[in-house]
Amino acid sequence: MISVEDLNLRLGNFALVDVNLRVGRGEHLVILGPIGSGKTTLLKCIAGIYTPDSGRIKIDGRDISRLPPEKRNLGYVPQDYKLFPHLNVAENVAFGLKVRGLSDVGERVREVLELVGLPELSSRRVEQLSEGQKQLVAIARALAIKPHVLLLDEPFARLDSVAKARLRGELMRIHEQTGTTMIHVTHDFEAALGLGGRVAVMDGGRLSQELPEVARYLQERLGYIPVDLEGEV
Amino acid sequence: MKLDGNRSFSILALASLLALSLFFSAVLLSVLLYASPREFLSSLLSKEVQFSIQLSLATATIATVACMFFAVPAAYALSRFSFRGKGAIDLLLYLPIGLPPVALGAALLIFFGTPVGKIFSSKFVFEVPGIVLAQFAVISALATKILKATFDSIDEEYEAVARTLGCTRFQAFRRVTLHLARGGLLTTIAISWVRAVGEFGATVMLAGATRMKTETLPIAIYLSLQAADVVKMSVLIIVLAVVSLAALFLIQRFGERWPII
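If you read the sequences in order, they're chains A and B.
Numbering-wise (the numbering used here), the first sequence opens with residue 22 and increments by one.
Numbering-wise (the numbering used here), the second sequence opens with residue 524 and increments by one.
Here are the in silico distance ranges between beta carbons for each label pair:
id	chain 1	residue 1	chain 2	residue 2	range
1	A	Glu197	B	Ala589	56 to 66 Å
2	B	Phe606	A	Ser144	36 to 46 Å
3	A	Gly127	B	Ile642	52 to 62 Å
4	A	Arg43	B	Phe606	35 to 45 Å
5	B	Leu773	A	Glu128	39 to 49 Å
6	B	Gly608	A	Thr199	47 to 57 Å
7	A	Asp84	B	Ala626	52 to 62 Å
Please keep in mind that the hints were generated in silico from the structure rather than gathered at the bench.
Every residue gets a Cβ at the ideal spot worked out from N, C-alpha and C, and that includes glycine.
Input sequences plus hints: build the corresponding full structure.
Set out below in structure tokens:
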């Protein structure tokens, strides 16, 4: 289980304020919120890229708040993938395994590329991939290290509607097959609600996981309450 | 006939390019045709010219290696870290670029006259290591500035992703940033080396112009002019031009294939 307790961070004029979050093992949490609400900043705090001013981040009760990113074993997939352009697909996926000096890297790379449905692209250069393929390779790269939690930043942001629908299906399948805990932030309400995960909302640097609040927020933004949350307001 | 704006601009741009090319070709040609082939060969093979070629290549290579050793991490620190006094350091590094090399060499000479400088002065003043130091002083700030611009253009998030995958800050730099900076690194090496080979002002002030001792190619040109040996001077200019162009061509043509750490 991953938990965020009373996390605060000020970055210029923006601040994350008293963020509390609990995500159970194997759970898929979707954090919804408008652009600039602090979703990416929160993911970066969890990943260790930003150091919070106060608060704690725990994995299975162990405080990782002060650990550098390389010691957290969390998979982070940024919005624009950040695939390493000097490496091909297989080398990108193998990156974290090689850094760790693991054996049977090739086998794990094949396994993960099969999981994301791209085994035939292993020797392809990353600039030759479509946006959807890049997203899946970035997910494969993060999953290869068997992270405690997979952190996905706006995975649908750069995709057209067809690719978005395909990725939604792939994400649900990957989650089902691997049981990896996922925290997924997005401003795309429609895409996120189809994922079937638990929903939290974020606005102005504050996060809420309480169902009535989430339902109220969605009603304000969407004009209706999704079926799963009816009866909460 | 009336030319439209697009066409007249294209003609003006191409004419400017042609005029510049003709100007430099005419200058180079006048040097090339000055000496007869026999004079050229005999001067090229003379002990003094051979010495100045070897000294220039050796000192410029040492200065460039030393410069990159400092400039790469310094540029990375300027690009990535926030610290008090960063603006002042950034400004200070413009000084060797803006200052004439002869002034930089004179400043080094004054430094070697101070109590601290005197400890090292016998090793550098009017000696070969002085050439390397003068070249280093001229190229290091320039190299740092070019490399800083290169690192600035590389999104820090690549390093962030590499770190979440298990890299320390140094490993992320070595395995990712350095590869993404390859183009800028090669350009910096080429420009620094060529600039070091052609360095005159700071070198003549610090290392002096002693025949067969601190006689780099530019200093040999200066000494030939003093001796009114125009044939040798033309040969030295051609050698300098060929060495510089060859280095830039080789790095442009093959640099992308060279391994980075």
